[in-house]
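Enquirer: Generate the whole structure from the sequences, applying the supplied hints.
So the protein lines, in turn, are chains A, B, C and D.
Residues 1 to 481 (the UniProt record's numbering) make up the first sequence, in order.
Residues 1 to 481 (the UniProt record's numbering) make up the second sequence, in order.
Residues 1 to 481 (the UniProt record's numbering) make up the third sequence, in order.
Residues 1 to 481 (the UniProt record's numbering) make up the fourth sequence, in order.
Calculated directly from the structure, the hints in this document are not laboratory data.
It is possible that part of the hints are untrue.
[Claimed, not checked] Keeping only pairs whose Cα atoms sit at most 20 Å apart, straight-line, the calculated SDA-like set for lysine to any residue is:
(1) A:407 - C:269
(2) A:410 - C:103
(3) D:143 - D:172
(4) C:365 - A:223
(5) B:407 - D:357
(6) C:365 - A:416
Just so we're clear, the structure is a prediction, and the values are computed from it rather than from any experiment.
Number of protein chains: 4
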Amino acid sequence: MQRDIYQEPLVSRYTSKEMQNLFSEKTKFTTWRRCWVALAEAQHELGLTDIVTAEMLDEMRANVENIDYDIAAQKEKEIRHDVMAHVYEYGLKCPKAAGIIHLGATSQFVVCNTDLVVQKKAMLLIRNGLLQAIKNLSEFSRKTKDIATLGFTHYQPAQPTTVGKRNTLYLQDMVMDLAYIDNYLDQVKARGAKGTVGTQATFLELFKGDHEKVRKLDLLVAEKLGFSESFAVTGQTYTRKMDMKLGETLAGIGATAHKFAVDLRLLSNLKVQEEPFEKKQTGSSAMAYKRNPMRSERLTGLARKLMNLPQNFAGTYANQWFERTLDDSAIRRMDIPQCFLLTDAILKLFVNITSDMVVFPAQIKKYLLAELPFMATEKILMKAVEKGESRQEMHEVVKEHSLAAGKEVKENAKENDLLKRLAEDGRIPFSLEELNEMVSDYSAFTGRAEKQTEEFLDEVISPLLLANRNEMAEIDSSLSV
Amino acid sequence: MQRDIYQEPLVSRYTSKEMQNLFSEKTKFTTWRRCWVALAEAQHELGLTDIVTAEMLDEMRANVENIDYDIAAQKEKEIRHDVMAHVYEYGLKCPKAAGIIHLGATSQFVVCNTDLVVQKKAMLLIRNGLLQAIKNLSEFSRKTKDIATLGFTHYQPAQPTTVGKRNTLYLQDMVMDLAYIDNYLDQVKARGAKGTVGTQATFLELFKGDHEKVRKLDLLVAEKLGFSESFAVTGQTYTRKMDMKLGETLAGIGATAHKFAVDLRLLSNLKVQEEPFEKKQTGSSAMAYKRNPMRSERLTGLARKLMNLPQNFAGTYANQWFERTLDDSAIRRMDIPQCFLLTDAILKLFVNITSDMVVFPAQIKKYLLAELPFMATEKILMKAVEKGESRQEMHEVVKEHSLAAGKEVKENAKENDLLKRLAEDGRIPFSLEELNEMVSDYSAFTGRAEKQTEEFLDEVISPLLLANRNEMAEIDSSLSV
Amino acid sequence: MQRDIYQEPLVSRYTSKEMQNLFSEKTKFTTWRRCWVALAEAQHELGLTDIVTAEMLDEMRANVENIDYDIAAQKEKEIRHDVMAHVYEYGLKCPKAAGIIHLGATSQFVVCNTDLVVQKKAMLLIRNGLLQAIKNLSEFSRKTKDIATLGFTHYQPAQPTTVGKRNTLYLQDMVMDLAYIDNYLDQVKARGAKGTVGTQATFLELFKGDHEKVRKLDLLVAEKLGFSESFAVTGQTYTRKMDMKLGETLAGIGATAHKFAVDLRLLSNLKVQEEPFEKKQTGSSAMAYKRNPMRSERLTGLARKLMNLPQNFAGTYANQWFERTLDDSAIRRMDIPQCFLLTDAILKLFVNITSDMVVFPAQIKKYLLAELPFMATEKILMKAVEKGESRQEMHEVVKEHSLAAGKEVKENAKENDLLKRLAEDGRIPFSLEELNEMVSDYSAFTGRAEKQTEEFLDEVISPLLLANRNEMAEIDSSLSV
Amino acid sequence: MQRDIYQEPLVSRYTSKEMQNLFSEKTKFTTWRRCWVALAEAQHELGLTDIVTAEMLDEMRANVENIDYDIAAQKEKEIRHDVMAHVYEYGLKCPKAAGIIHLGATSQFVVCNTDLVVQKKAMLLIRNGLLQAIKNLSEFSRKTKDIATLGFTHYQPAQPTTVGKRNTLYLQDMVMDLAYIDNYLDQVKARGAKGTVGTQATFLELFKGDHEKVRKLDLLVAEKLGFSESFAVTGQTYTRKMDMKLGETLAGIGATAHKFAVDLRLLSNLKVQEEPFEKKQTGSSAMAYKRNPMRSERLTGLARKLMNLPQNFAGTYANQWFERTLDDSAIRRMDIPQCFLLTDAILKLFVNITSDMVVFPAQIKKYLLAELPFMATEKILMKAVEKGESRQEMHEVVKEHSLAAGKEVKENAKENDLLKRLAEDGRIPFSLEELNEMVSDYSAFTGRAEKQTEEFLDEVISPLLLANRNEMAEIDSSLSV
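Expert: Now the structure itself:
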């Protein structure tokens, strides 16, 4: 590590080795070679066997990973052209093929196709991380499906729900994120073999005007690079709209994780739910006892940055002039890795946090009991109406006492005595005993929350995880906190 | 029009009546009533026939549009609750049903479901506008498929392409926008009947604990409102992630239109292509002759605003606490209409511009001829290599003369004499005659551009338009310029 | 109110009449006339007395507010040029001056100068609102300067501070916002009289090549419009960088208010501090007792939108080509009013909320007492070190018991028994009595918080309010909640 | 360079060593030590001479740069606390002072103060770069003050201006950027010595309740760190509003540079102005002759990213809860360096480009002559009105012929024959000779452009550069293109 220049914290602190590798020089330059191999193979298969011989192909395939970076770097310094420098270095390793490497292609042939190959791989990595988080959270949700807890609107106590039910809300959003990943994967294609401004002019010349062969070349290259199609048309590059969709897809994951993390930070203040806490973890120097929700906080900040990146891609796409302008280069070079690395870091945290969250039912119950009389007011209203009282009038009476009881809690830090107040009010047709009875089974206030949780997990999540079981790999969610 | 207070320009200047109506009070309040009708019908159908009678349903259905807004407004002022005020006013019109309107529901039952109904309708309106623009542009593209023109990279002349081919690039992006609209329409569902914090507690009570009936109620309401499903789970509102996806879907259209419009503004400077110009349209007071690309400029500005709105939805979604916080209210009230109105205005312009664009082939040809010698350098290189020359060496020679010829053009505003220079250089194995021959058929430099255009229009666009032919309605793209 | 088309909610719901008026057609068109009067007067004063006569000036001055909007609108429809239409209508009212209205000017003379006049006035309105909020909050801060309360880091209890001290943090940020307003007001200038592309060519001709007179004309016009200077140079319009600075200045206020509002929403959950609550205000239909922090939530949402607008201005400025492109028009037409109206709405809420906030000291104390043993750990550590114990060792012991006590609170919802645990541990050199003594005066834990508050209010805020006392006008902060 | 993990391109490609160093670990950790020295010195000076001895101070000062990073890193790994790890390592080097390093402070004492010290230094570096760009551009502007050129509105030819005058527009914006830098430097202060949540509790204890000494400590520390003040009040950290202002200040520079660069890219297409081009620079592999405006394009992309960063700071600031939440940490760790590095890269490019821009007067003249007849229409109108013709009628006639002449140019790629057309129209009271005469001196059409340029350079720029002459240092603007 160099201590006298800036180090990118995404790499030094937050992300997985897999993702860092995907955006490394090594991945880039070896993928360039795979593109050249794909092109040469396709040319050979389509009949250019005397120009591109089987021997050359063998040589090229054998040297995909055999790169002398220093030679390439020196050549680049000299001719100021990275692609040509690597054509040169590859040529040194493949003396027979040297003349046909990159035949008919321009720089963007390797640059765009490599970008797309790497992005697709990175998206699959993200997809896996998201599935892991879904799995963890669904297990948590099932485990807590029947724990009644305060539901909040305006961050004020509303009607009760269950812990598990609340977590299905995040899960449903994650499923939508997954749908958008899959939609993105449907849209992304290879750039194929398109030529300088996308007209395939050099390839048409190479194939002596045979349009069908050039179309096949385009498709063959795509297939060899792992795509079922190439973009039907391109300018010099693949459409930068694809990048915008990429950014939005990832930002969606960031937004879901952000909502989850903020809720957890609030729950942590309430002391009812916590992120996992490692034994050796220290709070601040002065406050030994604190269990700061640092992972959720970190996640929040990373997601804030991620959610703001699609804007850049939109700006770049919308301001590309004609077949291509180079104002896309520096910004994509930073933002495409950044948005994947941020998502990677976020999912690492998300998987880590959801792997072992702690719930404190006693605290939950304490809060619930303190608010239950307020929450029962709707039930009391309904029962009173059943008894023939006017809903409007009852509403007024209940409101009056609610506010008074609430005032007492706030102004004198007393316990909530709403039921007592109601029982003592002649207009209310219930005794304190009857009122206490009404609130005794507080899980009854949670309506279908538990059932909804079961249904959602059984009908949506389980089939999803089952369908993806072969594609899910454990990820390393250990953190340096 | 009130002249002493601010008027929203989106309404007064840029948008269609249809879209303005969709976000009006009238649409909102009548849709609320449709939600109440749907709920009552579903309750009736599921067996609550003695509480919700057929007679009540008739009454409710008959009064959906019969709203006395002043009474509702006055009631709202009094009780400070818009939904209850309209329950009251609806009750005045439906004396028999008065007691069962909104039965078991909370405000968000009408608010969320109405939002979703309106958004879906608005999205279909947008979808139609986009199809119109696709249709116009595909016709333009076909008409100009074989007009050779300068391709630009770095906004510097690169290899030639065709006008039609360039326009397939926009078309391909528009098809992707359409795919994202369709994906959004797949994701959007009704909120259904979910209750205060989404637990359906009041409905479960109403149906005496019969979970299946409550699930059916939820689905029935959704179907009656035009959806095939409702969200499996909700908090107090439907997930605000849906709004984020809404914003992104529309921003995608804005971005495509922006790229198109900027290109057209540049073409307009080159005097090779123009937006339609109305006879009576005046330039500025002092510059009578100017044909300013005002529609494209307006489109650019509107799209810039649109592309920035998804950020707001992301922020709102990611910062919703638990079952719902009200920081979503004011911002959604502005931004959801704004993003639809902006897209509506953009598509109106896009359809208008693409309906009658003018191309000036003589100008195009002039530019092409001035650059063709430069553009032919690749061809000359290839031919020289075929003759046994070293590509690297030829590259250097050609580069040297290219720069010199370019210098002459720039520094002395002379014609391009590159071919003459090359012919006179002994290292180049071609005569001036041969070189002139090489550039004579300039459409040959466009490679597969024409063919690609045909293929794309035949294989992608035509089937798309055919499949949607019944859903496309002419839109009014007249403008107040 | 039209019920069948969209109504801008900023106008119909949230903002002051003053701000709505500033962005009305009436203000725009009468200010145009003031610009024409200023120009004519300056031309007259600089010697063009036979072209621009005193009589004409009288006529023009007399008809500034005398506008027949229908005639102007009809003319605009005909000639499609709003400025010329108003020149025409003004001419109808001023038959003598008709020929010299707008003499030597182009449209942007009235458009830009009017924009700047209106923006400056609007900024002064905002400045006043901000001062009102500062005044309210400083009074609250002084009143609560000595109320000890939990300080939070990570939204976990940290060391105590005071309520007043916490509020000085918002105040300090508001003072910075004010400094940026004043900086903006220093930077904003008139556009003056600059001509089509800013070269003053027509004016130079008018003054027969007299450069000095043209410079004076420019300055005179600026002064007559209330500025001490005009921009030294312009293209067709004043620099759009100014709009970017405008947006940032206002967004700063939004951000400060947002932070304040979010804190208040959290305090409201804790039941320790609340926004004012009107007697008649109703919670939701089902939850009568709730005191939802609706104003703070509304403020949060409005601020979120405001904070995102500078981006638009930056994009417009950075993409203006040469002397001006029209992609600024539609977006500025929306965004400049929007950012002022949003800030106006935010300040109305901010002033309203801070005018009568409620604090519940009993609740505050309850929280404090529950956490104080934890908070005293630093003090206990220091005292133990004074007694010769190793800080590192004590830290470990205290940490162990802190975590255990915290666990008891969370897992069993018990009271905090940390001090008892410490007293019983032989390694800690203090009795329970001594430990209780250490936490007895909890205001001692607040350090200089009270003093800092006094100093800040006395040394920063009071002088500021004093210096601005003549410029502050009461604003109407009543809301429609 | 590690080839198997992602490398931040800002560092590896675009920025200055100075800026990279400022955000390095070395700068951070040595500045932490400077903070500790400042604190100890101040404590000593304020009377704690027996706790903090002169000998300790010597020891501490001697070891500021003497850091064993590996020991610190290992300790951090063990105790998971970076500040405490460095206190430990510093203590190893300073055995006498070991017990008083960091006395009474919390982590944010070193973290915040170091952040502010580094940011201030970085801002001064940026200020210098901006001044260099101003200097370069003002020289270019003076050199080209009288070169008449097409002014553009809507990117359509408008009235002529001069090259120099156009460049004063960028200069004026840069001067505004400088004013905002200076305003930022006025606002930024030290965090001083504030304690855990900003109450200075530990310091008050240390000084036995002496408030004045604690205030002095705060100020002394600030002064020793190079600030004239510390923030009057803080929470756990300095206000994150400061970061928002930081981001806006830098984004302003990005926006100015972006506008400049886009204009230059357009001029480059017109072949009238170019960025410097190095001899060895190659275009793309296939297009040897191209002089792509790659620096301006790169600048455009970098600026797009920079302009989007203030949003992040606004979001972080506005969502900080109470005295501090940690969601600021990861995002600031990335975005503060990023925004400085981006600005650094942009200014490097800006200085490089403006150091040696090329203008092609012959091309400029060609364009001007082609448009001049159109441009002269205003003059012709005025002359005709002087001769007694109706302006409205003449306007119509001129417009008619302008459009026809323009049509001829576009449709048949012919020369502009407007004057001939006018001369032949009996309604126009001028002969062709007279009309030619009117356009002969085309510099006459530039109004005060040259004069304005002189005035602006003499009255605004020269004094500014003079006032800053001692603070300007040459910067290395060499690029790796």
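Enquirer: With a cut-off of 20 Å on the C-alpha distance, tell me whether residue 365 of chain C and residue 223 of chain A pass.
Expert: violated, 69 Å
Enquirer: Residue 143 of chain D and residue 172 of chain D: Cα distance at most 20 Å?
Expert: holds, 17 Å
Enquirer: Going straight from one Cα to the other, do residue 407 of chain A and residue 269 of chain C come out at no more than 20 Å?
Expert: OK: residue 407 of chain A and residue 269 of chain C at ~14 Å, within 20 Å.
Enquirer: Going straight from one Cα to the other, do residue 410 of chain A and residue 103 of chain C come out at no more than 20 Å?
Expert: violated, 69 Å
Enquirer: CA of residue 407 of chain B to CA of residue 357 of chain D, is that 20 Å or under?
Expert: Holds: residue 407 of chain B and residue 357 of chain D sit about 15 Å apart, inside 20 Å.
Enquirer: Given the hinted pair residue 365 of chain C and residue 416 of chain A, is their Cα-Cα distance within 20 Å?
Expert: holds, 18 Å
Taken one by one, the earlier hints fail for this structure at numbers 2 and 4, listed in ascending order.
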